[in-house]
Every structure is written in C-alpha cells, then in structure tokens.
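Asker: The residues making up each chain are set out below.
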Amino acid sequence: MTELIRLKTPLADKDVEKLKIGDRVMISGVIYTGRDAAHKRLFDLLKEGKELPFDIQGQIIYYVGPTPAKPGQVFGSAGPTTSYRMDAYAPTLMEKGLKGMIGKGMRSDAVKEAMKKYRAVYFAATGGAGALLAKKVKKAEVVAYEDLGPEAIRRLEVENLPVIVINDVNGNDLYIEGERTYRQE
Amino acid sequence: MREIDVKLITEKVRNLCMEANTDLGEDVLQVFDRAMQKEESSLGVEILKELKENARIAREEKVAICQDTGFAVVFVELGQEVHLVGGGLKEAIFEGVRQGYRDGYLRKSICHPFTRANTGDNTPAIIHTEIVPGEQVKITVAPKGGGSENMSRVVMLTPSDGKEGIKRYVVQRVKESGSNPCPPTIVGVGIGGTFELAALLAKKSLLRPLGSKNEDQELDKLESEILGEINKLGIGPQGLGGRTTSLAVHILMMPCHIASFPLAVNIQCHAQRHKDVMI
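Protein chains in written order, with the working numbering: chain A, 11 to 195; chain B, 395 to 673.
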C-alpha cells in the first residue's frame with residue numbers, strides 16, 4: 011500500500027499527474043455532487059451551448075445521492091453510487107475542465123481515454139460507508155436542480171474525505187491490476 | 395381467530411424500516427471480522443475496517459448505514475387464524491414505509507421507470523405474502539439497494555447443465571459484476587421453481603443469518619464450493635483486489651418442471667440489511 015496523499019481542491023494538472031493507482035488520498039476543499047439526472051441536465055445544457063450552473067474548472071464531482079440530513083447533521087449518509095451510469099457524460103465534462111470524479115465501480119474505455127487526454131483522475135470512495143463519509147462534509151448547499159431532491163447538485167466543503175485512486179492519467183486501472191494481483195487460477 | 399388492527403402493522407413496518415437501515419446485524423459484523431483475518435490485501439483490510447467503523451457510527455447516531463436505503467422489500471407470513479381489521483394490509487404496509495422513510499431520514503429512491511420522477515415517499519413497497527398456519531404475523535423488512543440489484547440475473551439453464559452449470563454461471567456473474575455491487579457481497583441463489591419463483595428464492599435466501607449452515611447438506615457443500623471459486627477471482631473488498639470478494643453464498647432450491655432448470659442470482663452488497671418482528 012502506498013502513502014497517504016492530501017489534496018486540496020480545485021485541482022491543477024500537476025496535482026492529478028502525480029497520482030498513481032492505489033494511492034490513498036484525503037480530499038479537502040470544495041467538491042460538487044451529481045448523479046444520473048443531474049448529469050443528463052448538465053450534458054443537455056452543454057449540447058445547447060449554454061453555461062453550466064457552476065464553474066467546473068479544476069473541480070471534482072462526487073457521484074452521490076445522500077439521505078436527507080437529520081436535525082443537527084450537516085449532511086446525510088453519503089457513500090458513492092455506481093459510476094458507469096455517468097460514463098456517457100463524463101468525457102464532455104472533462105473537456106470542460108473537470109479534474110476528478112468520485113464514485114465506485116469500473117469506467118468505460120472512453121472515460122479512461124478522456125482521463126488521459128484531459129488530465130483527470132477517478133477516485134473510489136468506499137461504497138456503503140455512507141455514515142462515515144457524511145462526517146467528512148463540513149458544509150453543504152444546493153447549487154442547482156433542487157427539484158431533483160437527492161439528485162440535486164450540491165456544493166460541499168469536505169475535510170479529509172478518504173478516497174483511493176482507481177484510474178490515473180497514464181491509463182492505469184486499479185480494478186484490473188488489483189484483481190490480477192490476487193487472482194488464483 | 396385473533397384480530398389484529400393494521401395500525402399495528404403500520405407501526406411495526408415503520409420501525410423495521412428505520413432499524414434495518416441503521417443497525418447492521420451482528421452476524422454481518424462477525425463475518426467482517428473473520429474476513430479481516432484472512433484478507434491479504436492491505437487496502438482490502440482498510441476497507442473492511444471502514445465498513446465496521448461505518449456500521450458503528452450508523453448504529454450509535456441512528457443514521458443510514460448507506461445512502462441507498464433501498465427499495466423496501468417486505469416479507470409477510472400471515473397466520474391463517476388472524477383476522478386483520480381497520481384497513482387493507484397493503485396500504486398499512488405502504489403507510490409504514492412512508493412513515494419510516496420520513497421519520498428515519500432515509501432516502502426516497504423509487505421513481506417512474508420512464509420519466510424518472512420520484513414517488514416522493516419510497517412507495518410502493520415490494521410485498522411478498524405467504525399464508526401460514528397459526529395466529530401470528532411475522533414481518534421482515536429487507537431494504538434492497540440498486541447497485542447490487544442491478545448485477546442480479548435470472549437465467550433458464552438446460553437440465554443437462556447440472557450443478558456444474560450452476561457453479562459456472564454464478565461465479566461468472568460475480569466476476570462480471572466486479573466492483574459494481576459493493577463487494578464483499580453475499581450471493582443469493584435460487585434454483586428451480588419457475589422463472590419468477592427462482593428470483594424470489596434467491597432473494598429469500600439472503601434472509602438467512604450469515605455464518606449459518608444450509609440445512610440441506612448437498613446445498614451446503616455447493617455453497618462452499620461456489621464461495622471458494624468466487625474468492626479465487628481476486629476482486630476483493632470494493633474491487634480493489636483481494637481474497638474477500640464474497641462473504642457467503644446462500645442457496646434455496648425447489649423442484650422444477652421436467653423441461654426446465656431455472657437459476658437466479660441475487661447479489662447483495664455488504665450492507666446486508668434486514669429486520670423482522672413477530673406480532
């Protein structure tokens with residue numbers, strides 16, 4: 011296992027280029043949430059040549075639809091959702107400056123190619139660790155699509171959100187490498 | 395004949411929805427511990443530790459273990475000597491789900507298939523009712539997340555495929571699912587019956603406590619063999635590589651048509667949530 015890396019958003023090319031698969035990373039700063047329905051809307055906006063509802067340059071999108079926050083809680087349980095459903099939209103967002111995605115599960119070849127081309131990375135947070143991950147969120151506000159409920163786009167301020175690098179800018183994939191390392195014939 | 399007011403059913407379902415989503419069973423925590431002993435991947439061990447810590451936070455703070463608080467799947471074993479009064483059973487259960495998901499701050503995850511418009515209260519629930527002897531009602535609430543459900547399949551094998559065919563298909567399904575269903579998973583397998591019943595058997599098999607043996611010796615052996623093969627795949631916790639791809643394989647079987655050999659694989663993520671109550 012590799013060292014623990016601390017990252018502060020927004021990210022520049024040099025921040026993501028040093029990341030390797032298997033790196034454990036603690037993210038602090040602002041990130042945005044977005045999943046199925048929000049991605050479709052962002053994609054449609056770009057297709058129509060319109061502006062996105064937030065500045066995506068150097069940002070990270072976390073694929074999550076949280077539970078409602080309980081009274082006294084900043085944010086509800088917030089583990090990642092499975093990422094492949096966002097594959098159709100991700101390359102376009104990377105072209106616009108997106109530097110990181112947090113989710114779980116394998117990405118398509120097209121998304122991996124786009125990560126190499128646009129210098130972006132894909133992180134996994136632990137699926138199902140929603141209660142633990144929620145505690146890393148220090149502030150949350152809806153910035154777009156409130157009507158989507160849990161799927162609305164939220165601006166989060168996070169502190170030491172624990173993630174692992176799955177795909178780096180060199181086209182490596184921890185899901186493939188990890189499985190290969192431990193497979194028994 | 396015993397009368398039960400359906401208001402009691404609503405109240406019980408409400409509470410079960412909240413408990414199931416916040417309080418992970420001891421049986422699950424115990425298999426996490428056992429997996430940690432065997433896991434060779436240090437990242438894998440870290441993940442298992444996170445899952446234990448997550449379960450502790452959820453239980454202590456009464457918050458959802460996972461943000462996907464699932465489709466509310468409700469199993470009802472209704473004693474035939476029971477007379478329900480005060481309203482319909484289905485509506486009573488739906489109301490319990492509504493209240494539980496509202497009062498427990500659980501995510502509402504049910505939507506129209508085409509428009510994707512959220513129903514807003516996590517109804518409808520999926521209800522499986524069985525009439526049984528006696529004058530009691532057993533209710534089990536098993537919230538089912540979408541990520542692992544999406545990796546599940548029903549297939550109509552041919553009788554000549556035999557046990558080997560079952561093994562091959564189940565292991566292949568787990569392999570192809572990779573990291574998507576939040577491994578370490580529990581693999582529910584339904585064999586026999588009809589197309590729809592195989593799926594129900596697979597789902598019901600997931601209610602068996604983790605770490606328990608299958609009462610049928612032949613199936614118990616088959617479970618061990620399949621689990622052994624699965625854990626050779628190397629997928630590991632969260633798909634990052636490791637020995638613990640699945641925590642258990644559970645099989646339920648019943649007779650099938652002479653022409654058929656139905657098989658269902660219902661994949662369950664590590665948040666194996668279910669709670670029951672006897673009224």
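Simulated from the structure, these hints should not be mistaken for lab results.
None of these values were measured; they are calculated from a predicted model.
Built from N, CA and C at the ideal position, the CB exists for glycine as well.
A few of these clues could be false.
On the chain A side, residues computed to face chain B include the following (Cβ under 8 Å) [as the list claims (entries may be wrong)]:
#1 A141
#2 A144
#3 K148
Result set (DSS-like, lysine-lysine): computed pairs, CA atoms no more than 25 Å apart in a straight line [said to hold, decoys possible]:
#4 A:K148 / B:K443
#5 A:K146 / B:K669
#6 B:K432 / A:K145
#7 A:K145 / B:K443
#8 A:K146 / B:K626
#9 A:K146 / A:K127
#10 A:K148 / B:K669
#11 A:K80 / B:K446
#12 A:K146 / A:K60
#13 B:K669 / A:K149
#14 A:K106 / A:K30
#15 A:K145 / B:K626
#16 A:K80 / B:K626
#17 A:K146 / B:K446
#18 B:K456 / A:K145
#19 B:K443 / B:K598
#20 A:K30 / B:K443
Asker: Decide, hint by hint, whether the structure agrees.
Answerer: Here is what the structure says about each hint:
Because the smallest distance between the Cβ of A141 of chain A and any Cβ of chain B comes to about 4 Å, under 8 Å, the interface hint for this residue holds. Hint status for A144 of chain A relative to chain B: holds, with the closest Cβ pair at about 7 Å, below 8 Å. Here the hint on K148 of chain A is broken, as its CB sits about 16 Å from the closest CB of chain B, past 8 Å. Simply put, K148 of chain A and K443 of chain B have alpha-carbon atoms about 23 Å apart, close enough for the 25 Å limit, and the pair holds.
At most 25 Å may separate the alpha-carbon atoms for a hinted pair to count; K146 of chain A and K669 of chain B exceed this at roughly 29 Å. Using a Cα cut-off of 25 Å, the hinted pair K432 of chain B and K145 of chain A is violated, with the two alpha carbons roughly 29 Å apart. A C-alpha spacing of about 16 Å is found between K145 of chain A and K443 of chain B, which places the hinted pair at or below 25 Å, so the restraint holds. Between K146 of chain A and K626 of chain B the CA atoms are separated by roughly 34 Å; this puts the pair beyond 25 Å, and the hint is violated.
Distance hint between K146 of chain A and K127 of chain A is unfulfilled; the C-alpha atoms sit about 31 Å from each other, more than 25 Å. For the proposed pair K148 of chain A and K669 of chain B, the alpha carbon gap of about 32 Å is over 25 Å, so the pair is violated. Taken as a hint, the K80 of chain A and K446 of chain B pair is honoured in the structure, with Cα atoms around 22 Å apart against an allowance of 25 Å. Of the supplied pair hints, the one linking K146 of chain A and K60 of chain A is violated, its CA atoms being roughly 33 Å apart against a limit of 25 Å.
This hinted pair does not check out: K669 of chain B and K149 of chain A have alpha carbons roughly 33 Å apart, beyond 25 Å. Only pairs whose Cα atoms come within 25 Å are accepted, and K106 of chain A paired with K30 of chain A is accepted, the gap being roughly 23 Å. For the suggested pair K145 of chain A and K626 of chain B, the alpha carbons sit about 35 Å apart, so the restraint of at most 25 Å is broken. Between the alpha carbons of K80 of chain A and K626 of chain B the distance comes to roughly 41 Å, so the proposed pair goes past 25 Å and is violated.
With a CA separation close to 17 Å, the supplied pair K146 of chain A and K446 of chain B stays within the 25 Å bound. As the CA atoms of K456 of chain B and K145 of chain A are separated by approximately 13 Å, the hinted pair is consistent with the 25 Å bound. Between K443 of chain B and K598 of chain B the alpha-carbon distance is near 28 Å, which puts this suggested pair outside the 25 Å criterion. This hinted pair checks out: K30 of chain A and K443 of chain B have alpha carbons roughly 23 Å apart, not beyond 25 Å.
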